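Enquirer: For the protein sequence lines, the chains are Z and D, in the order given. Per my numbering, residue 1 is the first one in the first sequence, and the count goes up by one each step. Per my numbering, residue 1001 is the first one in the second sequence, and the count goes up by one each step.
Note that these hints are calculated values from the structure, not bench results. Just so you know, not all the hints are guaranteed correct.
As the list claims (entries may be wrong) - If you anchor each label on the Cβ, the simulated ranges turn out as follows:
no., chain 1, residue 1, chain 2, residue 2, range
1, D, Ser1111, Z, Lys54, 17 to 27 Å
2, Z, Val33, D, Asp1129, 53 to 63 Å
3, Z, Trp45, D, Gly1010, 30 to 40 Å
4, D, Asp1214, Z, Asp189, 55 to 65 Å
5, Z, Thr174, D, Thr1178, 53 to 63 Å
6, Z, Arg56, D, Asn1033, 37 to 47 Å
As the list claims (entries may be wrong) - Under the rule of at most 30 Å between Cα atoms (straight-line distance), these lysine-lysine pairs were calculated in the DSSO-like manner:
no., chain 1, residue 1, chain 2, residue 2
7, Z, Lys112, Z, Lys205
8, Z, Lys185, Z, Lys112
9, Z, Lys3, Z, Lys86
10, D, Lys1109, D, Lys1208
11, Z, Lys54, D, Lys1109
12, D, Lys1156, Z, Lys205
13, D, Lys1088, D, Lys1156
14, Z, Lys27, Z, Lys205
15, Z, Lys54, D, Lys1108
16, Z, Lys54, Z, Lys3
17, D, Lys1208, D, Lys1108
18, Z, Lys27, Z, Lys86
19, Z, Lys55, D, Lys1109
20, D, Lys1108, Z, Lys55
21, Z, Lys27, Z, Lys3
What the hints assert, rightly or not - If you want the ones that stay clear, here's a sample from chain D, every Cβ over 10 Å from chain Z, calculated:
no., residue
22, Tyr1003
23, Glu1027
24, Val1039
25, Phe1040
26, Gly1078
27, Thr1089
28, Pro1130
29, Gln1155
30, Lys1156
31, Leu1218
32, Asp1220
Predicted model only: the values in this text are computed from it and were never measured. All residues carry an ideal CB built from backbone N, CA and C; glycine is no exception.
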Amino acid sequence: MSKLRFCVADGATEGFDSRRWARTLVKHWTAAVLPITTSERFEHWVNLVGERFKKRWEGQQLSWYAQEKAECGAFAAFIGLSFCEKQEHLFWHAIGLGDSCLFVRRADQMVKSLPIDDPANFGNAPFLVASNPAVHREQACAVFSDTVQSGDRFLLLTDAMAAWYLRSFRTEPTEALNFEELLAKGCDDEVRQLVTQRRIDGVLKNDDVAAMLISTEKS
Amino acid sequence: MPYSSEISRGNPTCFIFLLDQSSSMSETFGGENPQPKAVFVADVVNRIIHDLVIRCTHTEEIRNYYYISIVGYGASIGPAFSGNLSGKTLVPVADVGEMPARIENRTKKMSDGAGGLVDAPVRFPIWIDPIANGSTPMCQAFSLVGQILDDWLSQKRMGFPPTVLHLTDGESTDGDPTAVARQILSRSTSDGQVLLMNCHVSARHSTKVEFPNDDSLLPDDLARTLFGISSVLPEAFHRAASEIGIRFSEGTRGFVFNGDPVSVVQFFEIGTRPSNLR
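If we strip away everything but chain Z, and leave its shape as in the complex, we get:
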């Protein structure tokens, strides 16, 4: 149970090697000995992983433009979810920076939306997890924890899908709930069709998408 961790990282195209940076964050966050769910620990951990990431490119002959991008480093949105048991209760802990989101759903309610809780706030150049500590600005991670109730659902979504899902949940809940059901049943083809159709409809931004649903069973 102590290693029951889930996360999504979405590399920003404007960074240098951001795809690999996103993968690095996912790999190391889930593999850490202790869960990284406090701001202090997250900041320390990002610095360590960033230093290691930077070494990949050090000393290599790069073109002037690649060199410049490499010096700025990579950027990624990150949202992580960890579960732990304490005194026979199950708790969830989440930490996020950027526009990849966690949605905690209970029955027909949205219990928590993290770090963005308003669809209007997507697309506003969010602070992201930077691989270069020198370009870290005042970045405040969103951190939250609560008890898990039987039947709770946890969705981790990248920005385009998170914006669409949150908007749908508020204005057309059956659309959002149908999406959840498709994820819950593992209907990957239907999810792909839905994404394609909503892009055509112009309600889902044409961007990379990743979605993960964690369901807890009703006892």
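Using the hints provided, position chain D relative to the given structure of chain Z.
Expert: Just chain D now, with coordinates in the frame of chain Z:
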């Protein structure tokens, strides 16, 4: 909705820098800046092109979201790229990034991490060198820009329309440019009409007018002529303006009159940063 097309490799846009290289560009802006206008403008355009290249760079690849043209007019009229790109009219940004005329080593002030500033070495690619010679054949220059646009638009009918960024320090010496400039403005893609922005620079900074909504504050006929051939800037440029503290409204024109060095930097920064990049 016009000017909403996403700029991507499949739907690139183009930027045309149209630069006055007449002899008066060898004079300074006045005030504290001792550099000739031509030197300052070349530096700004080189930095802006650098930024365009960096914006299109993904790890080690430059993606062709933009095509770039530099046209100079003065003693001669034509493409103004230096070095390997010399003579080219419209160049994909990947080739621009690969082929600067040279890369100079310069210094820039950077934080030393302890509250002070230190000089740090930077590589500064050069694509255009300063030129200041001859008269101001603005009509012929606009005419050449029209031909470049025709070539582009014959192949790219769908994307975000081209943006022409024109900088001058004086009056046209080959006639009233209104008619030929309006022909430029009448060209379009499916996403909207070509955008023409005009920046006039001079040493008369006290009567500077930046991004006006109407011509009521303009001091003379030259200003009104340039205002009349400047596009109303669509919302795609408003965010770039607000990020540097300039507030645009619905009728704001891409026009500066009696601009100083700061105006030149802001003019090119705003004009090359539509928010539609994917």
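Enquirer: Which of the listed hints are not met by the structure?
Expert: none
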